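*Asks:* Top to bottom, those sequences are chains W and E.
Heads up: the first sequence is residues 6 to 121, going by the numbering used here.
Heads up: the second sequence is residues -3 to 407, going by the numbering used here.
Everything labelled a hint here was simulated from the structure, so no lab data went into it.
Hints are supplied without guarantee of correctness; some may be wrong.
Only pairs whose alpha carbons sit at most 25 Å apart, straight line, appear in this in silico SDA-like list of lysine to any residue [stated by the list, open to error]: (1) W/Lys89 <-> E/Lys164; (2) W/Lys89 <-> E/Ala88; (3) W/Lys7 <-> W/Thr69.
What follows is a set of in silico ranges between Cβ atoms, one per label pair, in the way DEER data are often shown [stated by the list, open to error]: (4) E/Ala145 <-> W/Gln18: 38 to 46 Å; (5) W/Gln18 <-> E/Glu269: 25 to 33 Å; (6) W/Pro72 <-> E/Leu188: 32 to 40 Å; (7) W/Pro23 <-> E/Arg353: 39 to 47 Å.
The following residues of chain E were derived to be distant from chain W, with all beta-carbon distances above 10 Å [claimed, not checked]: (8) Val43; (9) Ala147; (10) Lys164; (11) Gln168.
Note that the structure is predicted; figures quoted are calculated from it, not measured.
For each residue, glycine too, the CB sits at the ideal point set by N, CA and C.
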Amino acid sequence: MKYLCLVYSNEKQLHSLPESPRDEECMAYAESIQGSGRMLAAEALESVQTATTVRMRNGKMSITDGPFAETKEQLAGFYLIDAKDLNEALQVAGHIPAARVGCVEVRPVRQLNLER
Amino acid sequence: MSGVSVQARVEQVYRQDSRRILATLIRLLGDFDLAEEALHEAFFVAVERWQRDGVPDNPRTWLVSTGRFKAIDVLRRRARFAASRPLLIAQAEALEHSDWSDDDVEDDRLRLIFTCCHPALAADAQVPLTLREVCDLTTEEIARAFLCAPATIAQRIVRAKAKIRDAKIPYQVPTFAELPERLDSVLRVIYLVFNEGYSASMGAELTREELTREAIRLGRLLMELLPEPEVLGLLALMLLHESRRKARTSSSGELILLDEQDRSLWDATMIAEGCALIERALGLDGFGPYCLQAAISAVHAEASTAAQTDWAQIVGLYDVLLAGVPSPVIELNRAVAISRRDGPLAGLTLIEAILARGDLQDYHLAHSARAEFCRQLGRVTDARAAYERALALTRQAPERRFIEGRIKGLE
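Can you build the whole structure from these sequences, using the hints too?
*Replies:* Here is the structure:
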């Protein structure tokens, strides 16, 4: 089953606390997940200040600056993994280095229900 | 066998084994609702079949096997109508070819407990789900015990089951690495059930015996399956508290404090079992807060009168407890123990420090303890104000009457 692990943290603190992970550690962890065969994709994101939100309403696209909601913690990156169940996904998510300063939301990927 | 005695036998098997059979069916079917349906169909068939063919040698195995076939039928029936047909057929076929053995049955019960208490489930759903699935309490019984509307409880259970299914919370005993955190969650659920029964948080009655009984039963089951020190500690703690049930309330339902209880009413069998468990647990590696709290309870249990209580030992145990789990409530209890060792002024100083830094402002027991110390020190005005604050924070009728009695006693 696929799970999306969304890494949230206060982006001002993500890189500045004593326990903050360095990029090398993040890369090493991503490689270890890759090595275990459970990795589908993972990326770190630019600051939320670079975010743009689009909506389609009545055929018209509206574009707003910023994330969809202003929150104390921001989406900083994600892992898309393949895990046997939620317990395995939580183990992978809990060891993402940024989980030490932020948090990781784990969401099962829904299979689209397509009828032929 | 006559119809009446077959019926009675089926009922007996249901009482004794229905949760074990359900747990195995959930593992085999991977679906709570389907397992419940299969369980009921299996018992339904048993009444008729056992009458005709006699009661099988191993009724439990017979019921699991029948439930499994009933589930295959249900999946096939659903497949006839559903859009997700290939998936259901595959599920039915996989089930038909799956093996199961009776050896896994005890593990299945443990799996069920760990699944119902999974920390990924909403905290307010873990307790009702456990009581429903593991203890077989009805939604109405759970709702009554927690003074909630049955619809609220039913909704929490439905949501929890949906999350188990959709997020794929596995039906398994956690691995060694996950165990400490996962076990905490199970112990917390059991202790919540117990506390709600031991000291009902609202309403007319002081205790709800059926909840403490279920909690102790869960504690015993968990110990049988997983004899970790904290599991022993929690069971000991519950038994030692429960041993005082008869002494805690007067015949008219009024609260009686530990000091004023008639200790001859304490249940000696429970005390002996609790003390033996705690002795065993403290000899193992990895004892924690439940063991220490049980040890404190055991010190009380061993004193034949309140005056003989070894307060110095209790203070020492609170010190160890507080070092492991810093918590203002434990600090409050320690302050009470210190007041018994060193006098009310020592206790009052500690409680006032806790309140001054903003903790326990809304906890009625902090204010009633403060009131008690003020009363003992002759500070009547302070005592009255503190009792009144405690009264304003208490929702439970006997406790309210108790505080009102104390306020009257000041005059």
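*Asks:* Now, for every hint given, state plainly whether the structure supports it.
*Replies:* Okay, the hints, checked on the actual structure:
no.	hint	in the structure
1	W/Lys89 <-> E/Lys164	holds, 9 Å
2	W/Lys89 <-> E/Ala88	holds, 21 Å
3	W/Lys7 <-> W/Thr69	violated, 31 Å
4	E/Ala145 <-> W/Gln18: 38 to 46 Å	holds, 43 Å
5	W/Gln18 <-> E/Glu269: 25 to 33 Å	violated, 51 Å
6	W/Pro72 <-> E/Leu188: 32 to 40 Å	holds, 37 Å
7	W/Pro23 <-> E/Arg353: 39 to 47 Å	violated, 26 Å
8	Val43	holds, 37 Å
9	Ala147	holds, 27 Å
10	Lys164	violated, 5 Å
11	Gln168	violated, 7 Å
The structure is inconsistent with the numbered hints 3, 5, 7, 10 and 11, although it conforms to all the rest.
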